[in-house]
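Colleague: In the order they appear, the protein sequences are chains A and B. The end of the first sequence is residue 344 by this note's numbering, with every number in the run present. The end of the second sequence is residue 327 by this note's numbering, with every number in the run present.
No lab work stands behind these hints, which were simulated from the structure alone. Do not rely on the hints blindly, as some may be mistaken.
[Stated by the list, open to error] Here are a few chain B residues that face chain A, going by a calculated C-beta distance under 8 Å: (1) Ala61; (2) Met104; (3) Gly108; (4) Gly139; (5) Glu223; (6) Pro294.
[To be verified] Residues from chain B that face chain A, not an exhaustive set, calculated with beta carbons under 8 Å: (7) Gly69; (8) Asn96; (9) Gly106.
[What the hints assert, rightly or not] For each label pair, taking beta carbons as the anchor points, the in silico distance ranges come out as: (10) A/Ala329 x B/Leu320: 39 to 49 Å; (11) A/Gly149 x B/Ala304: 47 to 57 Å; (12) A/Ala313 x B/Glu20: 45 to 55 Å; (13) A/Gln262 x B/Glu20: 35 to 45 Å; (14) A/Val272 x B/Pro50: 25 to 35 Å; (15) A/Val272 x B/Ala123: 52 to 62 Å; (16) B/Pro181 x A/Gly332: 27 to 37 Å; (17) A/Glu237 x B/Pro181: 23 to 33 Å; (18) B/Thr293 x A/Asp269: 51 to 61 Å; (19) B/Ala123 x A/Gly332: 51 to 61 Å; (20) A/Leu11 x B/Ala124: 50 to 60 Å.
Everything numeric in this text was worked out from a predicted model, so none of it was measured. Even glycine gets a Cβ: it sits at the ideal position worked out from N, Cα and C.
Below, each chain spelled out in residue letters.
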Amino acid sequence: MIDVSEAREPLPVSLDGLDGQDLVEWLATMQLIRDFEEALDPLCLSGRIPGGVHVAVGQEAVAVGAMRALEPGDVVTSSHRPHHHGLARGVEPNAMMAELFGRADGTGGGRCGTMHIAAMDRHYYGGNGIVGAGLGLALGAALAAQVRGSGQVALGFFGDGAVNIGRVWEAINMAAAWKLPLIAFCENNLYAVETPTASVTGGDSIVRRAEGFGLPAVQVDGQDAGAVHRVVREARERALAGEGPTFVEALTYRYQGHNTGQVTSYRTDAEVEEWKQLRDPLVRLRVALTASGLLDDDAYDALCARSRETVAAATAFADASPWPDLATADAGVTEIDPKLRGNP
Amino acid sequence: MSTRITLSQAFQQGVREEMERDDAIFVLGTDMVERGGHFAQLRGIGSEFPGRVRDAPISEAAMVAAGVGAALNGLRPIVDLNFIDFALGAMDEIVNQAAKARFMWGRGVPMVIRGTAGIAFYAAQHNNSLEAGFAHTPGLLVVMPSTPADTKGLIKSALRCDDPVVFLMHKSLTGLRGEVPEGEHVVPLGEAAIRRAGDDVTVVAYGALVARAERVAERLATEGVAVEVIDLRTLFPLDLATIEASVRRTGRLVVASEAPRHGGIGGEIAAAIQESSFFYLDAPIQRVGALHTPISHSPPLIAAAIPSEEQLERAIRATLTPQEAVA
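The shape of chain A in the complex, shown without the other chains:
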């Protein structure tokens, strides 16, 4: 963890070697993720989105930094907190919002909701409702990449809560033993739902635990999109060189509760404020882009306006989208239609 005791203003970010126009796009995507997710709470509380959602406000740099280090053919899997990954991977905001609303024009036609939004054509195998499970799918994708010699890398996101579930380490062990092109990406936002992860985690270091499985493990500032990008890029190159998987732990923070409308009495307001004031990933990137002359205030304002318009349009699109055709409720569960065999 970076020592911020002396800091009074947003921490710098590490953008060496990155293209300026790319970075503006990163900031625009991070802004879109933030605006999109901040729009969700009222939509849930008013019932337009059935149920709640897990938002990642504060974690945008993790998604954008990692995703921009991957190629279009690479495979990505996500967790129960998946919107930032999906949007960064290129899921259309309209289709994502319609899915959240449970409408026909959603990514899954209303079957998936928040936790299962996917884009198979982008090799994005979706969020996952089960802690740690997404990494397993990435493991398999990496196995297929190795067997087929496809030149793909697979990246599986999971949270700090998942470092205490056995399946995650089963997957990491298998990947290490077989030198699979896998990036096991732990998004450590410090709280497993509402439990401080440190209080339920043996040992004092997740990366050292990972190192015991025989793969390089690196901790990175998850609020620095450039730093995240660099470690994922390096991990990707290792994977493609046949050197096997890499474990990445990104230190990050979610500003909101675990799920819609939940209070955060398990942490102090001062802690939240410190993350917002000193480490906010959008502020840090914007400050750096402004200082380097890549983004003036007008351009930033225009970027923010476009983001707000995109979210408003997505909400309107979702509102206008019809409910799914009820005749499809059990369609396509398997390729064989069991009704053909006389089942009721």
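Fit chain B to the supplied structure of chain A, relying on the hints for placement.
Modeller: Just chain B now, with coordinates in the frame of chain A:
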């Protein structure tokens, strides 16, 4: 042309032919490459297809998860768990990942989860009958052949199927010999087989109980009772049409399974048939199944827990004389 080989060899033959046909088929499991698995079910495949059979750590969750992810990314894995009981360590991967990908994302998971099943030795934790649970899970197909020929034909279908197939091979049938057609011999998923024709009583069974039902039918034939024996072969989707047609002819039905009776496949068939064919029935449907107990080590205790031929015979007779219903 056909040869007389064991059920395991028939499985190997089917897998071999499919692996020759389709480069995407890949085997993942423990002790597979040299030994061919704990039942020698894949003996020889490891050396015949170098690089396409991989020995995994004993991590069932990782094996099945790897199978799902690999299937989504272009392979057609066989995840061989040796004993199906070990699937319990990968239940989330089977139920929440493999079975739901097509529903959620429109992409099937062409994966075969093979496990040896049924009741034999090694006591409680190696003798779970999980098939009804799998069949109760939308998105999974469940297969349990009773003959070598069907084993070959069904594994070929399973490997051509774009959905996850739980492929169960009964322990006690591992060395069963039978005629197996060479080359292209495909048994469609979801089709039952009439093993023995008869007009008096229909017996529906699967796995090791099929042969027991056939022996009982043979005995009863000497008394002039013509028993029709239907082998389900696929437990999901169920071929209710074949059962229904038979029952409408015989008017009597016995459903037999080695699994505990409560909540089993047999109960589902009985319910479906009374819904569709109640007025064709001449007697209450009889269910034959195991006691509601884990399986013991001691052979007499095993025998006491699972259906015997005598029990099957009593159930058939009960349909002929309904007042003597068996419990």
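Colleague: Taking the hints in turn, state whether each one holds.
Modeller: Structure-based check of each hint:
For B/Ala61, the shortest C-beta to C-beta distance to chain A is roughly 4 Å, which falls under 8 Å, so the interface hint holds. Because the closest C-beta pair between B/Met104 and chain A is about 5 Å apart, less than 8 Å, the hint holds. Taking 8 Å as the C-beta contact cut-off toward chain A, the hint placing B/Gly108 at the interface holds, the least distance being around 6 Å. Taken as an interface hint, B/Gly139 checks out: its beta carbon lies about 6 Å from the nearest beta carbon of chain A, inside 8 Å.
At a threshold of 8 Å, the smallest CB-CB gap from B/Glu223 to chain A is about 32 Å, leaving the interface hint violated. Among the interface hints, the one on B/Pro294 is violated; its C-beta lies about 24 Å from the nearest C-beta in chain A, farther than the 8 Å criterion. For B/Gly69, the shortest C-beta to C-beta distance to chain A is roughly 2 Å, which falls under 8 Å, so the interface hint holds. At its closest, the beta carbon of B/Asn96 sits 5 Å from a beta carbon of chain A; the interface hint therefore holds under the 8 Å criterion.
Of the supplied interface hints, the one on B/Gly106 holds, with its beta-carbon coming within about 7 Å of a beta-carbon of chain A, less than 8 Å. With their beta carbons about 43 Å apart, A/Ala329 and B/Leu320 fall inside the hinted range of 39 to 49 Å. Restraint check, A/Gly149 to B/Ala304: a C-beta distance of roughly 55 Å satisfies the suggested window 47 to 57 Å. For A/Ala313 paired with B/Glu20, a C-beta distance near 53 Å keeps the hint of 45 to 55 Å intact.
Between A/Gln262 and B/Glu20 the Cβ separation comes to about 56 Å, which falls outside the hinted range of 35 to 45 Å. Between A/Val272 and B/Pro50 the C-beta distance comes to about 56 Å, which lies outside the given range of 25 to 35 Å. A hinted range of 52 to 62 Å holds for the C-beta pair A/Val272 and B/Ala123, which are about 55 Å apart. A beta carbon spacing of about 33 Å between B/Pro181 and A/Gly332 agrees with the range 27 to 37 Å that was offered as a hint.
For A/Glu237 paired with B/Pro181, a C-beta distance near 51 Å fails the hint of 23 to 33 Å. At about 57 Å, the CB distance of B/Thr293 to A/Asp269 agrees with the hint of 51 to 61 Å. About 41 Å separates the C-beta atoms of B/Ala123 and A/Gly332, a value inconsistent with the hinted range of 51 to 61 Å. A C-beta distance of roughly 58 Å is found between A/Leu11 and B/Ala124, which places it inside the suggested range of 50 to 60 Å.
This entry does not satisfy hints 5, 6, 13, 14, 17 and 19, going by the numbered hints stated previously.
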